[in-house]
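Each protein sequence line maps, in turn, to chains A and B. Numbering follows our numbering, with no gaps: position 55 of the first sequence is 55. Numbering follows our numbering, with no gaps: position 92 of the second sequence is 92.
Since the hints were made in silico from the structure, they are not lab data. This structure is a prediction, so every number in the text was calculated from the model and none was measured. Glycine included, C-beta positions come from ideal geometry on N, C-alpha and C. Watch out, some of these pointers could steer you wrong.
What the hints assert, rightly or not - Simulated crosslink set (DSS-like; lysine-lysine; CA at most 25 angstroms straight-line):
no.: 1; chain 1: A; residue 1: K111; chain 2: B; residue 2: K438
no.: 2; chain 1: A; residue 1: K111; chain 2: A; residue 2: K31
no.: 3; chain 1: A; residue 1: K115; chain 2: B; residue 2: K349
no.: 4; chain 1: A; residue 1: K111; chain 2: B; residue 2: K176
no.: 5; chain 1: A; residue 1: K115; chain 2: B; residue 2: K506
no.: 6; chain 1: A; residue 1: K113; chain 2: B; residue 2: K438
no.: 7; chain 1: B; residue 1: K438; chain 2: B; residue 2: K346
no.: 8; chain 1: B; residue 1: K506; chain 2: A; residue 2: K111
no.: 9; chain 1: A; residue 1: K115; chain 2: B; residue 2: K438
no.: 10; chain 1: A; residue 1: K103; chain 2: B; residue 2: K438
Said to hold, decoys possible - Looking from chain B toward chain A, a few residues come up when the C-beta cut is under 10 angstroms (computed):
no.: 11; residue: Y127
no.: 12; residue: M142
no.: 13; residue: I155
no.: 14; residue: I171
no.: 15; residue: F173
no.: 16; residue: G179
no.: 17; residue: L502
no.: 18; residue: I505
Here is what each chain is made of, one letter per residue.
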Amino acid sequence: MIREIINGENISILLFFIGVYGVCARRNIFKTIMGLSIMQAGLILFFLSINASEDAVPPIGQDIMNAISVSDPVPQALMITAVVVGISTTAVSLTMFISLYHKYGTTNWNKVKMKRGELD
Amino acid sequence: MTPHLLIFIMLPIIIGLLLYILKHRLIKIIAVATEIMLFSMSLWYILHIGDQSIMTLLVNVPLPYGMALRIDQLSATMLLLNNFLFLCMVVYSLKRPYMNKLFIFLFLSLQGMINALFLSTDFFNVYILIEVATIAVSILIMYKKDSQSMYDGMIYLLVNMVAMGFFLLGIGFLYKIFGVLDFVTIENLIPRLENKRVLLLPFSLLITGVSLKAALMPLFSWLPKAHGTASAPAVVSAILSGIFVKIGVYLLIRMMTIFSVAIQLQEFFLFLGFLTALSGFMFAMSQSDIKLILAYHTISQIGLILIGISGMKDQNNLGGVYHILSHGVFKSLFFLVSGILVQHYKTRKIKKMSGLWQSSKLVSIVLMIAILSITGAPLFSGGYSKYFISYGYESELFKWLFVIINAGTMASFIKFFRVIFSKPIDEPVKLQVDLNQKIVIITMALTCILLGFGGDMIANTIHHQPYTYSTLSQMSKIPVYLTSYLVSYLVFRYVLENSRALKFIKGIELSFNSINLAIVSFFVATLAYLTYTF
């Protein structure tokens, strides 16, 4: 029973919503960026575990002829792109975070918001 | 011969990249020539497309396996608007100091990506294009580095990434159900699905992502920060409000057509549209920063567009699409003029600007045309589209809602009339506008008039059904318009202007965490509504 519940899909959805909790509840900017990365990790795991089965073989090479089932290559190809995009967005937001920190001297969203309000 | 659709995407990106690498004197001329070519191509398409749709395969594999670009009446309209705006913006910023090769590269690639979004037929491509465009936009927002811009750009980037995370999860569920990701095949497969309830979860996830892009009611907090930021050049704000936010609306239309067999959400969106329109102008009224007024007003107009596209009648849908066009033109014009004004008066506070009529007749007239268009004056673009948006509503409640929305729009632009007609505080200084800027703002003002005056002609080109709202019947609306303007002026002047409610509304600003909480609540509410009504 428990073995059936703990599969890739459920874990990935759990991970996704842990990430969502992170961006909703953490005031620390750095931790929200981490939350976003966790969301992306969950998404990647979700795509890879769609329609996955243990006895499937990779869709390449000689064994394909006598295999019972072949794993779906499309989600994997999609996820390579998503990994690249995810890494670059994380990199951009971390860079922005560094320069934000130099300007405001704090890592707290609410304090940054207050200081920005004073500037107007 | 049909021009290949790939040109729309690749040409601006390649030219931008080349201009970035090669240091040539003629950079700006090449950029303008590219823009003119793209604009004439999209003009060609809108004139020839008619009812049909043209599909181009990108690889020699048929659709469920390969990828394709598709153009139909809706996407041709959006392409026309996009390329028209980019042409105007590039010409406008020819002599501006920020116009260097990095800016041209980012700007032209953004154009290519927006074009690609309108042509794309695949959920995953849409996701990737939106993510990359979001990064490009957040760099453009922070282009003139100053102290506020980091916060604005970061909120924009992170909030959009969270929403796109929801979108991607929705795509994952769709793939799990269908095993394909392109619009055409999914649309064909939905009627054959036995248990349509499985669509509710992916649909509400997708709608959450797209609604944030379109800045619907609870999810608009990022928009004024991004569109109204001081650090972005006026052309960037113009593009953001003119076309970029319409990507969300465009995707909403597409999704509503794709899922229309299984899921009907018209009433839900109609409700959201009214809510968005009402809250947008209330926020706009309370602001005193010229760019923020315009940015909040974009929200209100998005609400109107949403009312149009989710209306029950065919005329309403035409009005919604037409309002995308007219709002794109007049809001960009507003942002350009606001850029000129900020430069001239050296302040962003609208109350400190005065006596524009004495400084420059031309800019005053252009600004007046823009105000008349946005407030829905007869014979101007806004009036034409608002007539169709509010077409055919019988009940008193809806009629009053439209009246309130219109009056709110009028009231929030009274401040702009004051800029033009108030007495100058100091000796009026002549306002200098470069020749290329003059050409652009005059062209756009004329387009506003053309969209109203020649409305029937254009509406027949972008919509397959001939509906008409003739010049004569437009003219008969003039007294109504003037009376309602007078009433809204009096109400604004004596009731609202210094009221406590507006000050309270001005103080509302969601923090990053609350914006994300709003996204999650929107998702839960959509899912609950769908589950309950299905």
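These are the hints, each one checked on the structure:
{"no.": "1", "hint": "A/K111 to B/K438", "in the structure": "43 angstroms, violated"}
{"no.": "2", "hint": "A/K111 to A/K31", "in the structure": "15 angstroms, holds"}
{"no.": "3", "hint": "A/K115 to B/K349", "in the structure": "20 angstroms, holds"}
{"no.": "4", "hint": "A/K111 to B/K176", "in the structure": "42 angstroms, violated"}
{"no.": "5", "hint": "A/K115 to B/K506", "in the structure": "17 angstroms, holds"}
{"no.": "6", "hint": "A/K113 to B/K438", "in the structure": "38 angstroms, violated"}
{"no.": "7", "hint": "B/K438 to B/K346", "in the structure": "20 angstroms, holds"}
{"no.": "8", "hint": "B/K506 to A/K111", "in the structure": "19 angstroms, holds"}
{"no.": "9", "hint": "A/K115 to B/K438", "in the structure": "38 angstroms, violated"}
{"no.": "10", "hint": "A/K103 to B/K438", "in the structure": "38 angstroms, violated"}
{"no.": "11", "hint": "Y127", "in the structure": "8 angstroms, holds"}
{"no.": "12", "hint": "M142", "in the structure": "8 angstroms, holds"}
{"no.": "13", "hint": "I155", "in the structure": "9 angstroms, holds"}
{"no.": "14", "hint": "I171", "in the structure": "9 angstroms, holds"}
{"no.": "15", "hint": "F173", "in the structure": "9 angstroms, holds"}
{"no.": "16", "hint": "G179", "in the structure": "8 angstroms, holds"}
{"no.": "17", "hint": "L502", "in the structure": "17 angstroms, violated"}
{"no.": "18", "hint": "I505", "in the structure": "15 angstroms, violated"}
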